[in-house]
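Going down the list, the sequences are from chains A and B. Per the numbering used here, residue 1 is the first one in the first sequence, and the count goes up by one each step. Per the numbering used here, residue 480 is the first one in the second sequence, and the count goes up by one each step.
These are calculated hints, taken from the structure and not from any lab test.
Between beta-carbon pairs, the in silico distance windows are: (1) B:S499 with A:M74: 35 to 45 Å; (2) A:D440 with B:E551: 29 to 39 Å; (3) A:D136 with B:A486: 50 to 60 Å; (4) A:V242 with B:G728: 46 to 56 Å.
Listed next, the in silico DSS-like pairs over lysine-lysine satisfying Cα-Cα at most 27 Å (straight line): (5) B:K722 with A:K226; (6) A:K457 with A:K14; (7) A:K226 with B:K721; (8) A:K226 with A:K326; (9) A:K457 with A:K49; (10) A:K369 with A:K396; (11) B:K655 with A:K252; (12) B:K655 with B:K731; (13) A:K252 with A:K167; (14) B:K721 with A:K167; (15) B:K655 with A:K167; (16) A:K226 with A:K167; (17) B:K731 with A:K226; (18) A:K412 with A:K369; (19) B:K655 with A:K226.
As the structure is a prediction and not an experimental result, all values here were calculated from the model. Think of the CB as a built atom: it goes at the ideal place given N, C-alpha and C, for glycine as much as any other residue.
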Amino acid sequence: MEMPAPNPAILARKADLVEKLQSIMPRDAVIHEPAETRAYECDGLTAYKCPPLAVVLPASTQEVSDALRICHEMGVPVVPRGSGTSLAGGALPTEDSVILGVARLNDVLETDYDNRFIRVQTGRTNLSVTGAVEEDGFFYAPDPSSQLACAIAGNIAMNSGGAHCLKYGVTTNNLMGVTMVLMDGTVTEIGGAFLDAEGLDILGLLCGSEGQLGVVTEATLRILHKPEGARPVLMGFNSSEVAGQCVSDIIKAGVLPVAIEFMDRPCIRATEDFAGAGYPDCEALLIVEVEGSDAEIDEQLETIMEIARGHDPVELRQSESEEESKRIWLGRKSAFGAMGQINDYMCLDGTIPVSQLPYVLRRTEELSKDFGLDVANVFHAGDGNMHPLILFDANKPGDLETCEALGAEILKLCVEVGGCLTGEHGVGIEKRDLMLHQYDPADLEIQMAVKDVFDPKWLLNPAKVFPLASSDARRIAAE
Amino acid sequence: MKTLAPASEAELAEIVAKTSEPLRVIGGGTRPIGVPVNAQPLTTSGLSGVELYEPGALTLVVKAGTPVAEVERTLAAEGQRLAFEPMDHRGLLATTGEPTIGGVFAANVSGPRRIQCGAARDFLLGVRFVDGQGQVIRNGGRVMKNVTGYDIVKLMAGSYGTLGVLTELSLKVLPKSHATGTVLIEGLADAQAVRALSRALASPYEVTGAAHLQRGADGTPVTMVRIEGFENSVAYRAGELKKILSAFGEVKIETDPERTSAEWRSVRDVEVFHGRDGDIWRLSVKPSDAPVIVSRLNGAEAVYDWGGGLVWLLVPQSSNATEIRAAVAKTGGHATLIRGNRAAGVFQPLAPAVAALHDGLRARFDPRGILNPGLMGRAA
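Starting from the given sequences, assemble the full structure and let the hints guide the process.
Structure below.
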């Protein structure tokens with residue numbers, strides 16, 4: 001994956017830059033020794049690494065503003081970083097860039113149950129937002145698999161989803177307001193503890209803008225009361241296609257589960273060894289979860305299980321206890337980690353219309369055979385958000401390249417059937433060069449024009465999202 | 480002035496590319512919201528029809544000028560609906576004509592269920608539009624989750640035709656619920672009512688409507704909480720809510736389909752204010768602030784929706800806009816003048832840094848400033 005060559009003029013001014021940054025925040029908040037900056041050389045896409053010029057860890061909106069102003073004045077690119085769990089290289093630095101990490105911004109600023117919101121600094125982890133309100137019966141709905149580690153700032157930048165977003169929506173549907181610092185240091189407030197922020201939907205634009213428009217330091221998030229109860233049911237099938245058909249039938253029937261998750265045999269085996277959730281050994285597994293009181297759950301599951309029975313399942317089992325439900329979800333949420341223990345893999349994230357599930361699964365299998373690399377599937381079936389894991393050997397020359405080529409074919413397939421390249425992980429550097437398979441040049445041009453408005457010098461995370469050839473002119477003009 | 484009514488996206492794009500005059504973009508013309516625009520009218524009503532409907536994938540792709548009524552009929556035939564419950568503005572604004580689906584999204588119009596399932600913008604998956612230079616632009620798609628590039632889809636929702644003319648929309652739709660129940664309490668003062676609504680909304684019972692009318696059908700105040708779902712489940716949750724809310728007064732439960740439907744249509748369309756003289760404002764505020772704001776404004780009548788977070792205000796004609804905006808600004812939120820002398824400004828003024836972002840976006844999407852110029856406040 002190509003990244004722009006570092007600007008030698010910036011590298012030459014490192015000492016000056018570090019001194020200026022140290023003048024506006026504590027010395028330990030500015031990291032510049034090569035041995036220490038290496039900790040920030042990559043994110044969850046570990047195939048690509050590059051230590052940054054320096055790292056700043058501001059502890060207030062003011063420090064974020066000051067740091068950005070200094071970098072802006074000196075023309076230094078800034079790569080914002082939440083917890084660095086991006087799977088798309090969203091937080092991958094260049095040699096001439098400053099990483100701005102929000103890890104020290106982790107306070108809860110306000111909790112309001114009457115008005116059902118929480119205001120937090122954005123370095124706070126996703127799970128700890130729920131942690132701050134769960135004793136009182138509330139939760140923050142978006143639940144990416146990385147929720148133990150990932151920061152709200154990164155969730156906003158990537159518009160993160162999760163297993164339960166089928167019912168509760170993704171980040172953009174749960175964000176009410178932000179404090180955002182622009183690249184030139186300007187601090188803005190948008191929205192707040194009320195619905196539908198004023199004016200044009202800048203909040204909507206920010207979600208999924210991959211840290212290219214501004215740095216969000218505080219967020220007002222919608223919180224909800226936890227449901228009375230929830231219960232998953234496991235369904236095993238002899239073929240992925242049948243499982244895909246079952247998903248479509250459940251949705252058509254008018255029951256709306258909170259989650260419908262899919263795993264195929266390789267994933268089932270790996271996670272079973274890892275979490276011991278009692279998954280059946282079969283071609284395709286669905287985890288379908290519904291919520292409500294016991295009686296409500298019974299009523300919904302009755303409909304869902306009736307549909308499943310029509311598809312000749314090899315296993316159909318409701319969770320019998322809270323303990324069992326936890327294990328079932330632990331298995332699903334640790335699927336990536338479990339696969340990682342037995343193999344190197346690349347995780348894709350294309351989304352397709354649910355009606356195309358059987359076709360796309362069949363076609364993926366054919367492509368997997370053509371390229372000679374195994375593909376395991378674990379994904380959010382209810383909303384068509386696929387996560388094919390391509391297994392490869394990082395130590396075998398050429399395997400990564402074959403893997404990337406196969407990945408590109410699978411993503412093109414997703415676009416072909418009416419879907420998109422990425423449902424929740426983001427474009428980052430990983431899918432940057434595939435953007436023209438989904439969009440025409442004019443469609444990308446208007447997106448880049450949006451960045452022109454927020455960051456005219458193209459300094460914020462500049463080498464992401466858009467094909468380098470498309471954004472070249474803008475990045476070079478800014479230098 | 481004769482209204483331009485292109486019959487295709489290509490024709491529309493050509494009109495926009497070639498015009499040297501500003502355009503007033505309309506769908507069905509039933510929602511005259513924003514500063515009045517004196518320009519050549521252009522309607523999208525010629526772009527009509529369903530392009531794709533997949534009930535099993537919960538998606539509908541439809542041309543922007545399609546009547547809302549037609550969309551609702553199409554969905555109803557498969558037991559589905561527009562879950563965000565778009566308001567019909569005709570009664571409140573005394574307009575006639577056929578509301579279009581494009582207009583719903585251009586104005587980001589949602590109804591009582593917004594409190595639970597999200598606003599119109601949350602159901603918009605993809606758009607095609609013609610920008611201010613006559614280029615056709617695509618963004619988003621027809622899948623539920625999509626972070627491929629910037630979310631221009633959300634930006635287009637609620638931009639009132641100032642960034643582009645919507646030509647095609649992909650929507651997420653949801654199944655209709657089998658049963659509806661309304662839990663009612665009469666006689667509450669505003670502050671008590673909002674507290675009761677907050678209690679209901681902070682419960683696990685999935686409230687899909689939470690409103691308070693200062694004057695219900697027979698003139699007494701009525702506080703209403705809606706639950707929807709399977710019949711047994713509705714009965715169960717109505718019972719649980721009744722227990723929670725009895726501390727506030729005598730609780731009644733209404734489950735008759737026609738009556739519950741009429742009650743919530745009345746909230747959605749603010750029927751209490753139909754045919755009444757005076758200016759109408761729409762406030763979005765923190766729910767617990769709402770009664771305080773209303774009490775500060777002399778002669779104001781209010782309808783509260785979204786648990787108090789949405790306030791419809793009826794005030795004497797030409798009431799002091801500055802006073803209303805200041806009351807909102809003090810606690811946070813925004814006020815929009817829906818009916819009244821709109822020439823003096825309609826939307827909440829923005830902080831300078833945010834206004835600069837708006838101006839910048841308009842200048843990029845519509846460099847010649849020909850699409851609904853000035854409608855949202857400042858001409859590009």
